[in-house]
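Top line first, the protein sequences correspond to chains V and Y. Taking the numbering used here as reference, the numbering of the first sequence is continuous, increasing by one, and the terminal residue is 157. Taking the numbering used here as reference, the numbering of the second sequence is continuous, increasing by one, and the terminal residue is 314.
No wet-lab data here; the hints were simulated from the structure.
Derived DSS-like pairs (lysine-lysine); straight-line CA-CA distance at most 27 Å:
1) Y:Lys-299 <-> V:Lys-157
2) Y:Lys-160 <-> V:Lys-82
3) V:Lys-142 <-> Y:Lys-194
For each label pair, taking beta carbons as the anchor points, the in silico distance ranges come out as:
4) V:Ala-63 <-> Y:Gln-266: 40 to 50 Å
5) Y:Lys-249 <-> V:Asp-12: 17 to 27 Å
6) V:Met-1 <-> Y:Glu-301: 16 to 26 Å
7) Y:Asp-300 <-> V:Arg-61: 22 to 32 Å
8) V:Ala-52 <-> Y:Gln-232: 48 to 58 Å
9) Y:Thr-255 <-> V:Lys-142: 16 to 26 Å
Backbone N, C-alpha and C define an ideal beta-carbon position, used for all residues, glycine too.
Protein chains: 2
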Amino acid sequence: MLKVFLSNLPADWTHRNEGGDTWSPYDVLGHLIHGEKTDWIVRAEIILNDSANKEFKSFDRYAQFRNSKRKKLEQLLSEFEKLRAENLSKLKAMNISTADLSRKGIHPQLGIVTLKQLLSTWVTHDLTHIAQISRVMAKQYKDEVGPWVEYIGILNK
Amino acid sequence: MLKVFLSNLPADWTHRNEGGDTWSPYDVLGHLIHGEKTDWIVRAEIILNDSANKEFKSFDRYAQFRNSKRKKLEQLLSEFEKLRAENLSKLKAMNISTADLSRKGIHPQLGIVTLKQLLSTWVTHDLTHIAQISRVMAKQYKDEVGPWVEYIGILNK
Chain V
1 MLKVFLSNLP ADWTHRNEGG DTWSPYDVLG HLIHGEKTDW IVRAEIILND SANKEFKSFD
61 RYAQFRNSKR KKLEQLLSEF EKLRAENLSK LKAMNISTAD LSRKGIHPQL GIVTLKQLLS
121 TWVTHDLTHI AQISRVMAKQ YKDEVGPWVE YIGILNK
Chain Y
158 MLKVFLSNLP ADWTHRNEGG DTWSPYDVLG HLIHGEKTDW IVRAEIILND SANKEFKSFD
218 RYAQFRNSKR KKLEQLLSEF EKLRAENLSK LKAMNISTAD LSRKGIHPQL GIVTLKQLLS
278 TWVTHDLTHI AQISRVMAKQ YKDEVGPWVE YIGILNK
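Using the sequences plus the hints, can you model the full thing?
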């Protein structure tokens, strides 16, 4: 879906943020890629494997500022698509049962969490970042919409 | 993009709202369809045609509650896709020049607006409703994410 959403857009639309150290759509995409590499499936594997150590590593919220360097948005879109497809295959191969959903891992900040909560958060995290990308892109049109600005609540947040 | 986003999802996810008289993703889709039929291109035509009357009709923000009745989400997705494709063809055929962008119409509540502002609002309006759909869908997972709720700002709005 992100490919349909963001492909072929001008860079000055996808690289702008909401000011200060907020994230652009390009930054968000790098963050989602890092999640595919180090977060969701990796943590699901920790919960489901036979090891006694159930502690997750901390997630690096700033990894994209190193990893995306010199990459074009289109590259990131392809990278995300590939990683997500691989991870959904891995998820399917896990053959997760209802009982598995209650199995637990230890989040470095939040403490004990279940596999069900982890997978629910994966979905919700996608949605929150789609909302963010849409909002950030909408805001670049704040001046262009003229008097309509008062009808579009998101522009005033 | 909405087809990729919303197709084949369970109805109890796409038909739930944020409480009270807020809109579900299904409601938003009906609203976008009504916009394709009566708002953006219709108003662009009013601005660009030779008639002296440049006043737009009021947009009905509640039309979807009549028009979507008994329709499935998949039907609405196809209807929107078709209407949007037709409207983009019409837009292309208008061969809008830079000078045209300054031409004016009269919005029933906002007064004088330009074609440029109308077209910018069309894009921004899409984005604000994509953000809304994502937020409303994310909120249905508020309980499921467990302790992660504190990390996902959108769930607490």
